[in-house]
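Engineer: The sequence shown maps to residues 1 to 313 in the UniProt record's numbering.
Don't read these hints as lab results, they were simulated from the structure.
No residue lacks a Cβ here, since even glycine has one placed at the ideal position from N, Cα and C.
Hints should not be assumed to be uniformly reliable.
Label pairs and their computed distance ranges (CB to CB) [what the hints assert, rightly or not]:
{"#": "1", "residue 1": "R243", "residue 2": "W28", "range": "19 to 25 angstroms"}
{"#": "2", "residue 1": "R8", "residue 2": "P225", "range": "23 to 29 angstroms"}
{"#": "3", "residue 1": "E208", "residue 2": "R11", "range": "18 to 24 angstroms"}
{"#": "4", "residue 1": "E208", "residue 2": "E148", "range": "22 to 28 angstroms"}
{"#": "5", "residue 1": "D18", "residue 2": "A235", "range": "36 to 42 angstroms"}
{"#": "6", "residue 1": "M232", "residue 2": "T84", "range": "45 to 51 angstroms"}
{"#": "7", "residue 1": "A235", "residue 2": "R38", "range": "38 to 44 angstroms"}
{"#": "8", "residue 1": "W28", "residue 2": "E153", "range": "18 to 24 angstroms"}
{"#": "9", "residue 1": "D18", "residue 2": "R110", "range": "30 to 36 angstroms"}
{"#": "10", "residue 1": "R243", "residue 2": "E152", "range": "50 to 56 angstroms"}
{"#": "11", "residue 1": "R239", "residue 2": "T51", "range": "42 to 48 angstroms"}
{"#": "12", "residue 1": "E153", "residue 2": "P238", "range": "37 to 43 angstroms"}
{"#": "13", "residue 1": "P238", "residue 2": "G62", "range": "25 to 31 angstroms"}
Here are the computed lysine to aspartate or glutamate pairs in the EDC-like style, where the Cα-Cα straight-line distance is at most 20 angstroms [said to hold, decoys possible]:
{"#": "14", "residue 1": "K88", "residue 2": "D43"}
{"#": "15", "residue 1": "K209", "residue 2": "D65"}
{"#": "16", "residue 1": "K88", "residue 2": "E152"}
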Amino acid sequence: MTAQLARRGYRVTVLARDADELDRAVTWVRDRTGSTPRPMVCDVRHERAVTAAVRQTAEQEGGLDLVIANAGVIQVAPAETAGTQAFKDAMETIFAGALHTALAALPYLRRSPAGGRLGLVCSVGGLLAVPHLVPYSCAKAAVRALGEGLQEETAGSAVSVTTVHPGLMRTGSHLQAEFGGRPQAEFAWFSALAGMPLLSMNAERAAEKIVRAVEHRRTRLVLTPAARTGAMVHAVAPRLVTRASGLAARVLPTPPDDAAERTGERAAMMQGHALDASARSVWARTLRRAASVLNDRAARRYNQRWAGPPTSA
């Protein structure tokens, strides 16, 4: 999205908590657009840090016209195995990150001569719960409520709020996600599904649609036909969707037999990078990569080949 905004002539400031990740992002955008976004190290989990970053950007640029909140983490495991810490981590980064950004930006967006635009990147997982992604779904559902509430409270002002619900996108995020329970099995199904051509979407095309929706002041955007279908069916027949998701959950990896691991007391989450490198056999690694070839290609393109900091760091 930074590249999309740069191509449209925006002077962009991009935030991330990891300096190396920021450097790679700036280089990626500059190589493709000729524009150099301003990098700023900031952990959106911390309200004061976000407030300071937003204030500094507004002072340097003379105001803010458009802000997009997109920080996220993904933990893949049965809810029991993930434990309460996974839910706390997801809420802190996904929901609190969006909340801190939105509340810090709104005063400046209200003063924008062009009329401020705020975009909150949610997920189809915020419209319907996804098995083995329950912490993620809970946090995204909170972002959905935040976006809709802010839409209502800014009605009649010059500020617009757009809530975006992407489905599966080929970003290479399976390498940055964290996996628990039976990590290798969880990693295998997630990395394959996230890269399926008919279910997932090219990340750059998704970014272009997101930026356009925020610019055009759309209230809501749901990306991918599969996500739109799921959201519409869930709205009119939630019991049917819940039953179908329950059937899908039955074929996903079962929780560990060990009671402590099952309840998250001793469960260790492993990052996709480590799991990709530690496949038990060449055959298993080859099969996994064959199933997720498009997602692995996206990982190389979008700077996901480097291990990032742990979610709880």
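Engineer: Does the Cβ pair R8, P225 satisfy 23 to 29 angstroms?
Structural biologist: holds, 26 angstroms
Engineer: Return holds or violated for the Cβ distance of D18 and A235 against the range 36 to 42 angstroms.
Structural biologist: holds, 38 angstroms
Engineer: Using the C-beta atoms of M232 and T84, is the stated range 45 to 51 angstroms upheld?
Structural biologist: Once the Cβ atoms are compared, 33 angstroms apart, the range 45 to 51 angstroms for T84 and M232 is violated.
Engineer: Tell me if the beta carbons of E208 and E148 are separated by a distance inside 22 to 28 angstroms.
Structural biologist: About 24 angstroms separates the Cβ atoms of E208 and E148, which means 22 to 28 angstroms holds.
Engineer: Assess, step by step, whether the Cα of K88 is no farther than 20 angstroms from the Cα of E152, and give holds or violated.
Structural biologist: Violated, at about 27 angstroms.
Engineer: Taking the beta carbons of P238 and G62, is their distance inside 25 to 31 angstroms?
Structural biologist: Violated, since P238 and G62 (Cβ atoms, about 47 angstroms apart) do not stay within the stated range.
Engineer: Is the hinted range of 37 to 43 angstroms satisfied by the C-beta distance from E153 to P238?
Structural biologist: violated, 27 angstroms
Engineer: Would you check the hint for K209 and D65, treating anything up to 20 angstroms between C-alpha atoms as holding?
Structural biologist: holds, 18 angstroms
Engineer: Can the suggested window of 19 to 25 angstroms be confirmed for the beta-carbon pair R243 and W28?
Structural biologist: With a Cβ separation near 43 angstroms, R243 and W28 fall outside 19 to 25 angstroms, so the hint is violated.
Engineer: Measuring from beta carbon to beta carbon, are D18 and R110 in 30 to 36 angstroms?
Structural biologist: Holds - the Cβ-Cβ distance for D18 and R110, about 31 angstroms, lies within 30 to 36 angstroms.
Engineer: Is 18 to 24 angstroms a correct range for the gap between the Cβ atoms of W28 and E153?
Structural biologist: violated, 36 angstroms
Engineer: Take a quick look at whether K88 and D43 sit within 20 angstroms of each other, Cα to Cα.
Structural biologist: holds, 15 angstroms
The structure fails to meet hints 1, 6, 8, 10, 12, 13, 16 from the earlier list, while all remaining hints are met.
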